[in-house]
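> Listed below, chain by chain, are the residues.
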Amino acid sequence: MKYLLIIQMNPATWDSLSEEERTEIGNGQSKFIDTITASGEMVGSHALADPSQSAVVRGRPGAATVTDGPFLEAKEYMGGFYVVDCENVERAHELAAMIPGTDHLPVEVRPVIFTAGYGL
Amino acid sequence: MSDQSEVEDLLRRSAPQVLGVLVRRHGQFDLCEDAVQEALLAAAHGWPRYGLPAEPVAWLVTVAGRKLTDHWRNERARRQREDTVAAQEPLARQHAPGADVDLLTDTPSSAADATLELLLLCTHPSLSEPSQIALTLRAVGGLTTAEIARAFLVPEPTMAQRISRAKATISAAGASFTLPGKDRDERLAAALHVLYVIFNEGHTATAGQALTRIDLTAEAIRLTRRLNRLLPGDGEIAGLLALMVLIDARRDARTSADGRLVPLAEQDRRRWDHSAISEAADLLARTLATAPLGPYQLQAAIAAVHAEAAGDADTDWRQIAILYNMLERRSDNPVVTLNRAVAVGMAEGPGAGLAVLDSVAEDPRLRRTHRPDAVRAHLLEQLGDHAGAHEHYRRAARAALNQREKRYLEERAAGTGPVGTTGRG
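Top line first, the protein sequences correspond to chains A and B. All residue numbers for the first sequence refer to my numbering, where the first residue is 1173 and numbers rise by one. All residue numbers for the second sequence refer to my numbering, where the first residue is 3 and numbers rise by one.
These are calculated hints, taken from the structure and not from any lab test. Values in this document were obtained by computation on a predicted structure and should not be read as measured data. Careful, some of the hints might be misleading.
The calculated EDC-like cross-link candidates involving lysine to aspartate or glutamate, where the alpha carbons are at most 20 Å apart (straight line), are [what the hints assert, rightly or not]:
1) A:K1174 to B:E383
2) A:K1203 to B:E40
3) A:K1203 to A:D1275
4) A:K1174 to A:D1275
5) A:K1247 to A:D1275
6) B:K69 to B:E40
7) A:K1174 to B:E393
8) B:K408 to B:E158
9) A:K1174 to B:E40
10) B:K408 to B:E393
11) B:K408 to B:E383
12) A:K1174 to A:D1240
13) A:K1174 to B:E131
14) A:K1247 to A:E1192
15) A:K1174 to A:E1266
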């Protein structure tokens, strides 16, 4: 069963961390990738740019408006996510807890109900 | 059929038997698997050129065995103990045999038995379910890693790693290839469960997955059929085979032209595979008459009652309710009670169905699943409580984890919506 492990980024929390803590969290992601690759549960991983880099598109082709910035100024947003394929939801929770930084930045675990692309 | 695909077919059928014989002889699952792969490669190149050998399995066993010996010769220092024993006792029983084990010979029937042992090994309890599934499809089913990866929509390296770890786990557990009698029943039940899970994966696949070359339902049926041939007296294997064939027989009627789910009640039964239904019903009848009753046979019996009905209105719901009752007494699964609630609702009226539903709706194992809401919505709709039905269809739709089911439930919610109905029955 596939799950999204979504890291909830909170800029206020992130800013309150020390340089070492931020580095540890950053470096720890590649260790987590190694862990789920070795266990045969890795499907994909993406880190996302800051929402200030987002645009919102409304309307159909030819009549679409493009506005800078995200839907709303949220104090928390998707920082990045992993897609894992694992035995059950309990294992997905176990994996989520292994992601570095979860004591500061919680992780949402959400079931995936359809997958296509990525050569799959 | 071209020569090449005949050879491929033959190799796929032979591979698990060859692997089984070698693992029984030597243990070391992962090394044997490598050796078998090399022998298969040699056969794939040589047989189309030089013709098929008289005894394909024996040929493969010989070639793979030679490759193993070569490997050990090269690894002599590290594998001293196994190397020595292998050189001295080609037919050694390297693991403590169970009370029911015969002396090892290379007769065809022993190769077939080895396939069964191989299946039991692949469904070893030390493995997680995804690993059991992957290893079974690989080692017993003969699917390639790429095919298995595609069937389950994971990247190939991920599936390769999963299989490789599973093989290493089995080797490390030093899994005894032969099992004492008592454990064997449990292990066989676990193996049947894995085959059923593989079948269900294929059965509930989305349209995208159905386009893959490898049909998981066909694989599951093929492997279960083989098991049934090996152990024709086992009632639960026969029951599982009958169940799979009966469910699969409805496949063409289950999806509408635009990919939507068609529930059983609305299916065009002329599109069912009636010869498959006949075959399965015969098998089931023979089995029920001779073997001790078990849960798969009961589930097959329920599927058979549906299959016998010319249409939804002709279905013997009372019989189905009785069968679910019997199943309930044998299994601890609350989903069985949910299904019984539907059957009782049909046989005795929605009020009675709701009473059965209420007896299990709070079961913690059903928490956060969509099924209790889906069943309640269905029963309330039959009762004429459209507002209640709408609310529960809505909740069920939100919680559904299968896209086609989700869409179906959303449609039913719309059909029971407050602003009139769509006129659908």
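> Against each hint, give a clear statement of whether it holds in the structure.
Status of each hint after checking the structure:
Of the supplied pair hints, the one linking K1174 of chain A and E383 of chain B is violated, its CA atoms being roughly 33 Å apart against a limit of 20 Å. Note on K1203 of chain A and E40 of chain B: the hinted pairing is violated, with a Cα-Cα distance of about 35 Å set against a maximum of 20 Å. For the suggested pair K1203 of chain A and D1275 of chain A, the alpha carbons sit about 17 Å apart, so the restraint of at most 20 Å is met. For the hint pairing K1174 of chain A with D1275 of chain A, the CA-to-CA distance comes to about 24 Å; that exceeds 20 Å, so the pair is violated.
Only pairs whose Cα atoms come within 20 Å are accepted, and K1247 of chain A paired with D1275 of chain A is accepted, the gap being roughly 17 Å. The suggested pairing of K69 of chain B with E40 of chain B holds, with an alpha-carbon distance near 8 Å, which does not exceed 20 Å. Restraint check for K1174 of chain A and E393 of chain B: the C-alpha separation of about 28 Å exceeds 20 Å, so the hint is violated. Using a Cα cut-off of 20 Å, the hinted pair K408 of chain B and E158 of chain B is violated, with the two alpha carbons roughly 29 Å apart.
For the hint pairing K1174 of chain A with E40 of chain B, the CA-to-CA distance comes to about 33 Å; that exceeds 20 Å, so the pair is violated. With a C-alpha separation of about 14 Å, the suggested pairing of K408 of chain B with E393 of chain B holds against the 20 Å cut-off. The suggested pairing of K408 of chain B with E383 of chain B holds, with an alpha-carbon distance near 18 Å, which does not exceed 20 Å. A hinted pair counts as satisfied when its Cα atoms are at most 20 Å apart, and K1174 of chain A with D1240 of chain A does not qualify at roughly 33 Å.
Taking the CA atoms of K1174 of chain A and E131 of chain B, the gap is about 14 Å. The hint holds against a cut of 20 Å. A threshold of 20 Å between alpha carbons decides the hint, and for K1247 of chain A with E1192 of chain A the separation of about 23 Å lies outside it, so the pair is violated. For the hint linking K1174 of chain A to E1266 of chain A, the alpha-carbon distance of about 14 Å falls within 20 Å, and the restraint holds.
The earlier numbered hints that this structure contradicts are 1, 2, 4, 7, 8, 9, 12, 14.
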